[in-house]
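Using the sequences provided together with the hints, build the complete structure.
Below are the chains, spelled out letter by letter.
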Amino acid sequence: NAGVTQTPKFRILKIGQSMTLQCTQDMNHNYMYWYRQDPGMGLKLIYYSVGAGITDKGEVPNGYNVSRSTTEDFPLRLELAAPSQTSVYFCASNGGLAVPMVDFGPGTRLTVT
Amino acid sequence: AQSVTQLDSQVPVFEEAPVELRCNYSSSVSVYLFWYVQYPNQGLQLLLKYLSGSTLVKGINGFEAEFNKSQTSFHLRKPSVHISDTAEYFCAVSEGGGSNYKLTFGKGTLLTVNP
Numbered sequence: 001n002a003g004v005t006q007t008p009k010f011r012i013l014k015i016g017q018s019m020t021l022q023c024t025q026d027m028n029h030n031y032m033y034w035y036r037q038d039p040g041m042g043l044k045l046i047y048y049s050v051g052a053g054i055t056d057k058g059e060v061p062n063g064y065n066v067s068r069s070t071t072e073d074f075p076l077r078l079e080l081a082a083p084s085q086t087s088v089y090f091c092a093s094n095g096g097l098a099v100p101m102v103d104f105g106p107g108t109r110l111t112v113t
Numbered sequence: 114a115q116s117v118t119q120l121d122s123q124v125p126v127f128e129e130a131p132v133e134l135r136c137n138y139s140s141s142v143s144v145y146l147f148w149y150v151q152y153p154n155q156g157l158q159l160l161l162k163y164l165s166g167s168t169l170v171k172g173i174n175g176f177e178a179e180f181n182k183s184q185t186s187f188h189l190r191k192p193s194v195h196i197s198d199t200a201e202y203f204c205a206v207s208e209g210g211g212s213n214y215k216l217t218f219g220k221g222t223l224l225t226v227n228p
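Protein chains in written order, with our numbering: chain A, 1 to 113; chain B, 114 to 228.
Just so you know, the hints here were simulated from the structure itself, not pulled from any lab data. One or more of the hints may lead you astray.
Unchecked claim - Calculated cross-link-like contacts (lysine-lysine; reagent style BS3-like; alpha-carbon spacing at most 30 Å):
hint : chain 1 : residue 1 : chain 2 : residue 2
1    : A       : Lys44     : B       : Lys162
2    : B       : Lys162    : B       : Lys182
3    : B       : Lys162    : B       : Lys220
4    : A       : Lys44     : A       : Lys14
5    : A       : Lys44     : B       : Lys220
6    : B       : Lys220    : A       : Lys9
7    : B       : Lys220    : A       : Lys57
8    : A       : Lys9      : B       : Lys162
9    : A       : Lys9      : A       : Lys57
Said to hold, decoys possible - Short, incomplete list of chain B residues facing chain A, as computed with Cβ under 7 Å:
hint : residue
10   : Leu157
11   : Lys182
12   : Asn213
13   : Phe218
14   : Gly219
What the hints assert, rightly or not - Partner residues aside, some chain A positions facing chain B, computed with beta carbon under 10 Å:
hint : residue
15   : Gln6
16   : Tyr35
17   : Leu43
18   : Leu45
19   : Tyr64
20   : Phe90
21   : Val102
22   : Gly105
All C-beta atoms in this analysis are idealised placements derived from N, C-alpha and C, irrespective of residue type, glycine included.
Right under this line is the structure:
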């Protein structure tokens, strides 16, 4: 299994541009998450999904959108990028009751200038 | 709502010394507890987890943690650290299935092991 994969690894955006961060998992996990990590702040939940077609907001959803059309994929969309969205983004998945632990992808480092 | 407090933002120690990284949580329901490690410019790797049962949990790389329900703590320990343990360590809590296994993280503790 490749686990959780994310693309791209790095990206620089200009203010006002849009982009999609890709996330795929091959473990057939129902639960998927997007977190952002800022220095000294730990990780904060942006959005999550409990299965295909079902998504919900986390702690810091403003400026982001998600979709979940398949079990495997959970892309994160940034519309009108702002400097405050400069961060490292981690996608994660969870197998639920059978294996209630979260596996993380390698991260995407995004800079908005 | 659940929350996690990591009591030390930075912990410097010398090689082969013991270390304890402290974590306290608050939650109104039963929880799952985790420690993750992040090496420089890398993703998060699970060190160990407490789901139920024995309160002393052993993880990878010689780390262990003890769940103390009365003190709502989940401190991470290692009896003898190596230079390679230098990393940031995150404590996290999940309220289990009722919360869709969402994790709430502490702000992290930077462990620096000096020769």
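Outcome of the hint check:
no. : hint                : in the structure
1   : A/Lys44 / B/Lys162  : 19 Å, holds
2   : B/Lys162 / B/Lys182 : 15 Å, holds
3   : B/Lys162 / B/Lys220 : 18 Å, holds
4   : A/Lys44 / A/Lys14   : 23 Å, holds
5   : A/Lys44 / B/Lys220  : 10 Å, holds
6   : B/Lys220 / A/Lys9   : 23 Å, holds
7   : B/Lys220 / A/Lys57  : 21 Å, holds
8   : A/Lys9 / B/Lys162   : 28 Å, holds
9   : A/Lys9 / A/Lys57    : 24 Å, holds
10  : Leu157              : 4 Å, holds
11  : Lys182              : 18 Å, violated
12  : Asn213              : 5 Å, holds
13  : Phe218              : 4 Å, holds
14  : Gly219              : 6 Å, holds
15  : Gln6                : 9 Å, holds
16  : Tyr35               : 8 Å, holds
17  : Leu43               : 5 Å, holds
18  : Leu45               : 6 Å, holds
19  : Tyr64               : 16 Å, violated
20  : Phe90               : 7 Å, holds
21  : Val102              : 6 Å, holds
22  : Gly105              : 6 Å, holds
Against the hints set out earlier in the document, violations occur for numbers 11 and 19.
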